[in-house]
Amino acid sequence: MELLYVLIIGAIAGWLAGQVWKGGGFGLLWNIIIGIAGSFVGGWLLGKLGVSIKLGGPTISLIITSVIGAVVILFIAGLIKKR
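The working numbering applies: residue 14 is where the sequence shown begins, and numbers increase by one.
Source of the hints: derived by calculation from the structure; they are not laboratory data. Keep in mind that this is a model prediction, so the values were computed, not measured. Take the hints with a grain of salt, since some may be wrong.
[To be verified] The calculated label-pair distances, taken between Cβ atoms and stated as ranges, are:
no.: 1; residue 1: Ile-93; residue 2: Lys-61; range: 17 to 23 Å
no.: 2; residue 1: Ile-66; residue 2: Ala-90; range: 33 to 39 Å
no.: 3; residue 1: Gly-40; residue 2: Lys-67; range: 20 to 26 Å
no.: 4; residue 1: Ile-93; residue 2: Gly-70; range: 32 to 38 Å
no.: 5; residue 1: Ser-65; residue 2: Ile-93; range: 26 to 32 Å
no.: 6; residue 1: Gly-70; residue 2: Gly-91; range: 19 to 25 Å
no.: 7; residue 1: Ile-73; residue 2: Lys-95; range: 32 to 38 Å
Every residue, glycine too, gets a C-beta built ideally from N, C-alpha and C.
The whole structure should be built from the sequences, with the hints applied where relevant.
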């Protein structure tokens, strides 16, 4: 059940990251997939940096963490896409 929760939050985060990263998005479906990956990347990256986001409840914190990870992925993918 937790994996399903992460996938849903990741899909929301991917959509939000696509809204934040105008011009760097890859369309709704790919942004959702990137958001799901961003859930894992954001958690890993913020953990390595020693940053903990505690806003609202755990769901809001997870969405923010996922959006950060998805924006990082969109940024890197945008660099690769330009080449």
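Right, here's what the structure says about each hint:
1. Ile-93 <-> Lys-61: 17 to 23 Å: 22 Å, holds
2. Ile-66 <-> Ala-90: 33 to 39 Å: This hint is violated: roughly 23 Å between Cβ atoms.
3. Gly-40 <-> Lys-67: 20 to 26 Å: 33 Å, violated
4. Ile-93 <-> Gly-70: 32 to 38 Å: 35 Å, holds
5. Ser-65 <-> Ile-93: 26 to 32 Å: 30 Å, holds
6. Gly-70 <-> Gly-91: 19 to 25 Å: Between Gly-70 and Gly-91, where Cβ atoms are some 31 Å apart, the hint is violated.
7. Ile-73 <-> Lys-95: 32 to 38 Å: Holds - the Cβ-Cβ distance for Ile-73 and Lys-95, about 33 Å, lies within 32 to 38 Å.
Hint violations for this structure: numbers 2, 3 and 6, all remaining hints satisfied.
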